[in-house]
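Chemist: So you can see what is in the structure, the chains are spelled out below.
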Amino acid sequence: MWFFRSPEIVFGEDALSFLNGLDFRKIVIITDENIKKSGLASMVQRSLPEGSSSLVVSDIPEEPTLADIKKRLNAVSEFAPDLIIGLGGGSSMDAAKAIFAIYERPDLDIYDITPLVKLNLRSKAKLILVPTTSGTGSECTWAAVLSDEDHSRKNELASTEIIADFAILDPALVLRLPPGITRNTAVDAITHAVEARSSQWRNYYSDIFAEKAMELITQNLPIVIKDPENIRAREEVHIGASMAGIAFSNSQVGLAHAMGHSLGAHFRIPHGITVALYLPQVVEFSEPDARESYLSLMNKMPEKFRKGNLADSLRAFFSEIGQPLNVKDCGIDRKEYSGRLESLVALAEESTGCVTNPREASSSELRELFENVM
Amino acid sequence: MPKFPTEEWASEYVEKLNSNPAYKDAGKNWEGDITFVIKSDDSFDKDAFLYLDLHHGECRGSKFTVDSSEIPQSEFKYIGKYTNWIRLINKEIDPIQGILTGKFKLEGSMMKIMKFTKAAKEMVSTASTVNTE
Ligand SMILES: [Fe+2]
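Protein chains in written order, with the numbering used here: chain P, 1 to 374; chain G, 1001 to 1133.
No lab work stands behind these hints, which were simulated from the structure alone.
Hints are not guaranteed to be accurate.
Said to hold, decoys possible - Simulated crosslink set (DSS-like; lysine-lysine; CA at most 25 Å straight-line): (1) G/K1077 <-> P/K118; (2) P/K118 <-> G/K1028; (3) P/K118 <-> G/K1039; (4) P/K118 <-> G/K1105; (5) G/K1046 <-> P/K118.
Said to hold, decoys possible - The following label-pair restraints were derived from C-beta to C-beta distances: (6) P/L22 <-> G/K1046: 35 to 45 Å; (7) G/M1001 <-> P/I110: 29 to 39 Å; (8) G/H1055 <-> P/R359: 23 to 33 Å.
To be verified - Here chain G is said to cover these stretches of chain P; the calculated rule only asks that three of the stretch's residues, wherever they fall, bring their Cβ under 8 Å from a Cβ of chain G: (9) 164-175; (10) 354-365.
Source: prediction; values computed, not measured.
Every residue gets a Cβ at the ideal spot worked out from N, C-alpha and C, and that includes glycine.
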């Protein structure tokens, strides 16, 4: 027995206008400073139902902590919204999920947000997520990541009740995404697709979403990088990223995420860079137990990148788009990295990605995988 | 060949767990005891309990009983019907998916145990290696 879960999805050009026809009166938009500055928050405000009032909480930091969430909760509760919109990348959308849950249930300990606890959310409000990057897939998942106060660890809150009521995928919101972020977030989505397709929890539904995601992203990302305002290609990468989100939300990620999260906790570099750095290594390591999955993924990539196996095909693809494949190119000092190997391994081993990866790695194998990107 | 769940099965399980290097490695930072609760169902007529005292990759004490009053209080309980236990041992159910689908219930901190899923998985894999009748 297993499940398939997804929010209702509104996608394509002008998808944002969907908001206009909804019946909400008091709306909180959770976002970050950059999104506000770029004008995207007011673009969303202009799409809200006539006669509704809105409050924009625009100071969500990168990798929010529990304290960051609590700090913003008073303003939200006082406003008493009937709709919460998370607008932004993973940090803003995850913050919106957490704020939504605690606004609904102030009595709740945040760490009670696990699949084992019935939360009974939605007595006050609904949740809509609107991504402004094409990568995290958070708009489609049932998890939210909050960092420890000292950023040494990430905690995953998970509940099917924090799945958005609607995810809105409007390509206009990613049209002006800077090249670096476009790349780093898209490779995160590629990693979601690869790990979801080969996970030990993979299933009929997640397989289909992962394969289509791989196709949409790898076929269109090189076009987007050359021609950033190509809205058709942007839209396909955007939809691909959300499909990769659905895929891994229903089947879990693997070792590249276990390792990437650990690296991200040790050296604060963007999540997409960390997971893509390890992905080819992890694929090479897992190949004996994931041949069929990897072959079907490779065959979704543009022909010019196919190099006989998925690991080499990914390397060719990442090289073409300028994605770093070793620690030095990620801006990490090799000596410092090697000095932290033990702790990198230990933290990665705490991740569920270790047990859902198609091939399980012992501590020494994991250490080797970390070493291989030095 | 021992039957599941019996005293004999339990002692063979503990022996195998203690000689499984993958468990030793994955559980090296774990401290805490856990009770497996095997609930009766159509195929099994009384509840059974296997208490395991796990410490740094080693099972340093255990107790099997069908009398719940004989079981020490433990930090965690992993509870399921007999038939689901058999499916778990045969690797037809994943231990975490078992919780998420309601086939097993976990009592204790989910947060703590989620950091040791590798150890949990090795515990199940070890159960699969006991020659079970
Ligand atoms: Fe990711």
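Chemist: Could you run down the list of hints and mark each one as holding or not?
Modeler: Here is what the structure says about each hint:
no., hint, result
1, G/K1077 <-> P/K118, "19 Å, holds"
2, P/K118 <-> G/K1028, "32 Å, violated"
3, P/K118 <-> G/K1039, "23 Å, holds"
4, P/K118 <-> G/K1105, "13 Å, holds"
5, G/K1046 <-> P/K118, "29 Å, violated"
6, P/L22 <-> G/K1046: 35 to 45 Å, "55 Å, violated"
7, G/M1001 <-> P/I110: 29 to 39 Å, "48 Å, violated"
8, G/H1055 <-> P/R359: 23 to 33 Å, "29 Å, holds"
9, 164-175, "violated (count 0)"
10, 354-365, "holds (count 5)"
The structure shown violates the earlier hints numbered 2, 5, 6, 7, 9.
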